[in-house]
Structure formats: C-alpha cells, structure tokens
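Given next are the chains, with one letter for each unit.
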Amino acid sequence: MTTTSATTPQTTSPPLRIVLAKVGLDGHDRGIKVVARALRDAGMHVIYAGLWQTPEAVVRAVADEDADWLGLSILSGAHLTLVPRVLELLRQAGLSHVRVLVGGIIPEKDIPALLEMGVARVFVPGTSLDDIVAYLRAQPRT
Amino acid sequence: MLSGLLQRFRAGDRLALARLLSLVSNGQHVEAIRAALPVPTQASCVVALTGAGGVGKSSLTGKLLDPIRASGRSVAVLACDPQSPLSGGALLGDRFRMPAFADDPGVYIRSLAAAGGQGALASHLDTLIALVEAFGFEVVLIETVGAGQGDTAVRALVDVLVLLLQPETGDELQWEKAGLLEVADVVVLHKADLPGADRVAAQITASLSLSAGEPPPLLRVSSRTEIGIAELWQTIEQRPRRRAQRSDPARLLRLAQDLLADRFWQRAELLEQWRSGQLDDLTAARLLLGDSPGH
Numbered sequence: 000m001t002t003t004s005a006t007t008p009q010t011t012s013p014p015l016r017i018v019l020a021k022v023g024l025d026g027h028d029r030g031i032k033v034v035a036r037a038l039r040d041a042g043m044h045v046i047y048a049g050l051w052q053t054p055e056a057v058v059r060a061v062a063d064e065d066a067d068w069l070g071l072s073i074l075s076g077a078h079l080t081l082v083p084r085v086l087e088l089l090r091q092a093g094l095s096h097v098r099v100l101v102g103g104i105i106p107e108k109d110i111p112a113l114l115e116m117g118v119a120r121v122f123v124p125g126t127s128l129d130d131i132v133a134y135l136r137a138q139p140r141t
Numbered sequence: 000m001l002s003g004l005l006q007r008f009r010a011g012d013r014l015a016l017a018r019l020l021s022l023v024s025n026g027q028h029v030e031a032i033r034a035a036l037p038v039p040t041q042a043s044c045v046v047a048l049t050g051a052g053g054v055g056k057s058s059l060t061g062k063l064l065d066p067i068r069a070s071g072r073s074v075a076v077l078a079c080d081p082q083s084p085l086s087g088g089a090l091l092g093d094r095f096r097m098p099a100f101a102d103d104p105g106v107y108i109r110s111l112a113a114a115g116g117q118g119a120l121a122s123h124l125d126t127l128i129a130l131v132e133a134f135g136f137e138v139v140l141i142e143t144v145g146a147g148q149g150d151t152a153v154r155a156l157v158d159v160l161v162l163l164l165q166p167e168t169g170d171e172l173q174w175e176k177a178g179l180l181e182v183a184d185v186v187v188l189h190k191a192d193l194p195g196a197d198r199v200a201a202q203i204t205a206s207l208s209l210s211a212g213e214p215p216p217l218l219r220v221s222s223r224t225e226i227g228i229a230e231l232w233q234t235i236e237q238r239p240r241r242r243a244q245r246s247d248p249a250r251l252l253r254l255a256q257d258l259l260a261d262r263f264w265q266r267a268e269l270l271e272q273w274r275s276g277q278l279d280d281l282t283a284a285r286l287l288l289g290d291s292p293g294h
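Just so you know, the sequences run in chain order D and G. Following numbering that gives the first Met the number 0, the numbering of the first sequence begins with 0 at its first residue and continues without gaps. Following numbering that gives the first Met the number 0, the numbering of the second sequence begins with 0 at its first residue and continues without gaps.
In isolation and in its complexed conformation, chain D is listed as follows (with noise of 0.2 angstroms):
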C-alpha cells in the first residue's frame, strides 16, 4: 500500500476528511464539538470551521481542503433556508460529490425535505457518537 509517514505503513485507506461548520446565526456549538471530537477519535481527520460560517466560507473550505463530507449542525431553525443554498453552491463549485450531514434541532416533519434536496442524513438530538461513526464509516468512498 502506501504510507502516511516514514515510520508507519499505512495499511488502511486513508483518513476521512469531513468538514464540520455551523452556518447561520445560532452560537450552540457544544454539539458540533463533541461530534468533532468523537470523529477525530475514530481516526477521521476534521476540519473545523467553526461558527458563523457563511455557506460561501463553507463552500471555499470543503474545496480547499478537499474535504469527503461536509457536516452542518444548526440549530436555529433556519435549516430549510441554509441548507439549500449550501447544496446549490456545491453543485455551482463543482463539489456535487461531497456528502452532506445535517445534525441540530430539526423537527421531524422536516427531514424528508432535507433528503429529497441531497442531503445524505440527518442526525437528531439523541444520536449516539457510535452512529454517526458506524454510519460514516459504512458508506462507500467516492
């Protein structure tokens, strides 16, 4: 195989890469950073944008660093307005085969819209670490 450094063979594929942001105006980030956390410890490598974020920064961010996943967490209620306008913006960069995760407060009713605009999957309140890593770690690599 190939190798990630001079001492040790890598004989796995190679990290993840996901980008994790919050997007919009809410400032609970207590979430994103447990999930970042977890991710990292399941051997990802995660680049955290942080908060604030506009989905134009977003966009940049998952381009540069060539990023597998993008990961938005929100929780302001503005899901169905940010999350649009994200995916547009992959589509525009050329970046459609970048993976999308929703994680936050969003009401039931509104995830079947969420997948039906591209989203991957959407993690709710109460979602185990071990899920979100079982499931990343389930999906074929694009």
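Just so you know, nobody snuck in bad clues.
Ranges of calculated distance between the beta carbons of each label pair, as one might list FRET restraints:
| # | chain 1 | residue 1 | chain 2 | residue 2 | range |
| --- | --- | --- | --- | --- | --- |
| 1 | D | Arg136 | G | Ala34 | 29 to 37 angstroms |
| 2 | D | Arg136 | G | Ala255 | 34 to 42 angstroms |
| 3 | G | Ala31 | D | Arg140 | 14 to 22 angstroms |
| 4 | D | Arg140 | G | Pro239 | 38 to 46 angstroms |
| 5 | D | Ala92 | G | Arg72 | 22 to 30 angstroms |
| 6 | D | Glu87 | G | Asp103 | 15 to 23 angstroms |
| 7 | G | Ser275 | D | Leu114 | 50 to 58 angstroms |
| 8 | D | Pro124 | G | Arg198 | 49 to 57 angstroms |
| 9 | G | Asp279 | D | Leu128 | 45 to 53 angstroms |
| 10 | D | Ala77 | G | Leu251 | 50 to 58 angstroms |
Covered stretches of chain G (in silico footprint by chain D; criterion: 3 or more residues with CB under 8 angstroms from a CB of chain D, positions within the stretch not fixed):
| # | segment |
| --- | --- |
| 11 | 10-22 |
| 12 | 87-99 |
To give an idea of the interface, some chain G residues facing chain D are shown, with a C-beta separation under 8 angstroms as derived from the structure:
| # | residue |
| --- | --- |
| 13 | Asn25 |
| 14 | Ser110 |
| 15 | Ala112 |
These are calculated hints, taken from the structure and not from any lab test. Quantities reported herein were computed from a predicted structural model and do not represent experimental measurements. The beta carbon of each residue, even a glycine, is placed where N, CA and C say it ideally should be.
Starting from the known structure of chain D, arrange chain G on it as the hints suggest.
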C-alpha cells in the same frame, strides 16, 4: 486518472490542486506527481511560522494575509496540526482562526495533519510546498504544529523561518536552550500588548546579541491590536531566500527520505526476505538503497 488530474492542475483548477495535495499527504504517487510538476514561472516566497502551542501562530498567519494581499500577491497557507499517534485522527482547527477570504481566488488555505516523530512536519511537506508553488501562489505560509523546542526541521524547507515567542513563557534560560533562537531568521515577540513584554524583549535581545554573526531582527507584534503586522511582513520580505540560494542541503535530504520511505513500503518481497531471516539488516537496507548485496 493521475494524468487527467495533472492536466486540470496545469489549467489552474483549484479542485485538482486540492486533490493532489491529498494524494501527496497520503503518500500516494508522490514521486510521479513531483516529477510532473511544471517549473514555477517564479519562485514563491515560502515562510514558516513556528513556536510553542498557544503562542498565536494561526492568528498571526491570518493577520499576515492582509498585507500580502494588499501588495497584490496571491498566498497559500499550509496549516499543520497534530495527528493522533493512536487513532490517526486529527482535529484541524487553524482555519477557524483565519479570515475566510471566501470570494478571493488569491487565497488558498489548507489544513494538514502532522504525524509525530518527524520534527512536527506534515508528511511530504516539501512536495506540498512544490505543488502550491507550481500552481502559482506567490507566497506560501507554513504554520507548524508548534512542538516548541526542536521544531526546527522546517527551516531547511523554507525561505524564511519566523519564530514566535510570547511574554510569560518561562525564565530567561528558555532563550538559551539550543535550537530555537539560533535557527530563526526573524524573531517575533507576539502578544506584545501584554504586560511583561518589555522585560522579555530585553532578555531576547540580550540572548540574540551573544551569538556570533548578525542577530536576526526582533519585532514586537500583537495580532489583537494589529501592532507590528505590516512591519513584520516588510521584514520577512527583505530577508534572503534560503531555498533560492540552495544554501541548506537538508531540504534535499528530506526529499530523498520522503521518496525512500514510499519505496520502502512497496518493497514487499524484500521485507518478506528480511522477515524470514534470509537477509540481515544491513544487506536489506542496502538493497533498499539500490546497492548490490555484499557491496
């Protein structure tokens, strides 16, 4: 697939650059990519910022983007954060501390994970620099992991090494320990708005004046109040470019080590012969280097 990617890279496709950086980081096709890179039309100015964790490398890197862009030059940032030796995972948070420049094609920010035990450098950093340079970025800023003392291996790979120190980081003896001050091309007393800055600046100056030769410039900078940012960039620009002068062959050795490490793991047959005891250590190592056995 690689040739298509390189073609898109040469045509200026940022997504191709991003993917090639991933491949090289993961140790995939490093030699082929390196060999295929176009000769840069102009050498980039490659600057590393190093210093202990918490000294403000990310914040200062972000602040430097303004004077660089104001001078009309494009800039790529390679921001290194540590990778877990246990899980291989990494939390790369440096970009969070820099302005986004989301609509400015002249700024490229990339987070890199650095495994331990390699002088705190990201794998194949030299080739990652060569990639952004060949893409046309005129300035390259490297933010090191911040291993503090000993984080000096990056010196050979860059034109200018900037060492960040801060007030309240320990007693006077810290400056005297070998390796830090003596390799810096520019010394920054960061967070210079904090109390105690005057005393520490005097200590650093005294320490620098003891070494033979021209001491590196010491600048007092604060990312919070933006004191000294423009002056720092001016100072960096005026330093001699180490890479252009080819004055440090350690960079060449580093590249050779990177390429050798990649080839090493591909030599399954050789490793198997060594495991089974058919080859002793030295013979196996020499074969790996291309020597004939018993040479």
